[in-house]
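Below are the chains, spelled out letter by letter.
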Amino acid sequence: MSGQQNSVNEPNAFEKVVDFVDERVGLKTIQAKMLNEPVPGGSRWAYAFGSVLLFIFILQVVTGILLMFYYVPSTDHAYASTQYIIHEVDYGWFLLSYHFWGSSAMVVMVFAHMSQVFLWGAYKKPRELVWLVGLALFGIVMAFGFTGYLLPWDQRAFWATVVGVEIMDKTPLIGDFMARFLKGGPTPGQMTISRFFVIHVMVLPGALMGLAGLHIFLFRKAGPAGPFRGTPEQIKAKTDYFFPRQIWKDIVAMASVFLIICSLALIEPVVLLEEATPDPGDYHPEPEWYFLFLFQLLRLKIFGGELGQLMGALVLPGAFMALLAALPFIDTSPERNIFKRPASLIGWILVMLMILVFTVSAIINRDFLD
Amino acid sequence: MSNVKLGLLVFWTTFWTGFPIKMVIALLLLTAHIHPWDGIGLEALLLLSIPIDIWALGLCARTVFLERLSVDSPKGMGLRLWAQWAVFSVIYLPLLFLIVGGAKALAKSATEATVHFVEESFMVIPVAEKITIELLMWATPTTLVLIAMLYGWMFGLGALAQRQVRVSTPVDGSFQDIVCQWDVLRIPKDQPLLLTAFTGVGVVLVFLFWGLIPVSTPHPHEEYEFIHVDKVEKKIVPKDVIKSAEKVLARAEATIKELGKKNSGDDKPKDDKKPAAKVEPKPSPQ
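Protein sequence lines, in the order shown, are assigned to chains A and B.
Under the working numbering, think of the first position of the first sequence as 641, with each following residue one higher.
Under the working numbering, think of the first position of the second sequence as 2, with each following residue one higher.
It is possible that part of the hints are untrue.
To be verified - Dumping the calculated SDA-like pairs for lysine to any residue here, alpha-carbon to alpha-carbon at most 25 Å: (1) B:Lys-6 <-> A:Ile-875; (2) A:Lys-765 <-> A:Ala-862; (3) B:Lys-190 <-> A:Trp-685.
Please keep in mind that the hints were generated in silico from the structure rather than gathered at the bench.
Same shape as in the complex, but just chain A (with noise of 0.2 Å):
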């Protein structure tokens, strides 16, 4: 009978693993730690925005190291390698462009982020750091979409990059600099794809997975906002644990990201154009759709001319970094209740709305020039 007790009690060979994993490295006391989580006023679908983007990081890791087992970065090699992961790599055209379009899922699901914390309030103190960080991580994303769109060496990518090289020529003393520093030569040619290789999947990983290190540390530090509506104690009377309700709406919401991706890579995979040559041809340069509204703003006549152009390309989105990066310094009212901060609201809207217009007006602007 005890005997019969005993095994019953005795561990299996996976409990064994476990017990001797979480001898050394307290592998019960993280897991309790990270899914038990109290989360401020419940769990919200918004919340999900920053782990889909850690989520679609890892994947764009994982499928990029794949892509360089085949991808050869140079002028002469780039654009048949890539050929090459397209035709003749088994499951390369996937791995490709499930790449390709989850890059812009990850501008879409910063755009998304960066909008939730915005309307939420949740830069005001004493998360103003963890805002400036993730203004610093937009830029990182806005820069792995610039140099990986070079890489495949056709047509449009060449094009896109002198586009993008020139309105960075254009900055004030330091534009030459970085036009020349990035070209490495006057036309784009072997040394702006080596460097832009370099800083795509050296420079910019690094610099990402230090900062999102250091917002996640910011952002545990200072705790969640939690919601902008409720007295202290309304949300505190609603606070629950990140498992199960918030852990299943990020699993939702990263399945969802993850199949919509995938979706798109089978629906729409990558196709390159004619190899690039210095000469455009019929083709009409343009930037990646995201940079599609600052291109068809630079066409207003408004920005016209060279002084426009400045102030087009860089003057006004410069000022306008530089006052997201001041907000929480200049709104320091602790309201953060959205629709109590009117201004705020109305800012959103009109600069979502004028993300929209441009980008659709540039899309019909293609059969204008066609």
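With chain A's structure known, arrange chain B on it following the hints.
Frame of chain A; chain B shown alone:
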């Protein structure tokens, strides 16, 4: 709670709960070369969506009822509410498309006429400005009509949900008690077991996905085709290699012999030529 708010709350959570499951089906159809937006693919997706929607609606509506209104819904609410929402949407949504489509067509023709009048009477508008002005002129009223129609749809869904609220039984206890009780009813206590089960389902789906997906691109570019060069493999026959090596050696031997003969002829003393300059040894650096 207002009809619109209740409708939106239940609809929004139901949509996101069912969405990933429907996406999995759509993705598996895509990998098997069946488009989920037309023909048999669409029919299959719609058919499979029915039980998913009934389950998701029942689950989400009960959660909203318990957490927001402190009432517990009657049994079989998912199916009942789904049937009512389906009938209402079947009537309302075609109406929505018709009205929004009409508003768009009207706004577009009015915009075209206005811009044409301005250009004829006052000035020519540059292309970039014209595109944005036209877009704003027709998209603004169309969007307003769309929002109004969506508001009406949510109002209708909310009104149908309110009927279920009225027949639900009130639940006593604080918010925390209700939430805990609801969690206990549907979520296993064992956290690692639940997460392992999720991971297991994910792994199975991943295997299914990689098993179905085409190995090479299903969409080769029409204009810039990949030129496939067939590699001709050379067969190596050891005898032939030895023979050819022997031939090369024989040829090399003959060449050396010929050069030797030539050199011996060249070595004969030539009196008319100056003796070669004597090379002085370089002094050593020490």
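Tested hints:
1. B:Lys-6 <-> A:Ile-875: Status holds; Cα separation ~20 Å.
2. A:Lys-765 <-> A:Ala-862: holds, 9 Å
3. B:Lys-190 <-> A:Trp-685: holds, 23 Å
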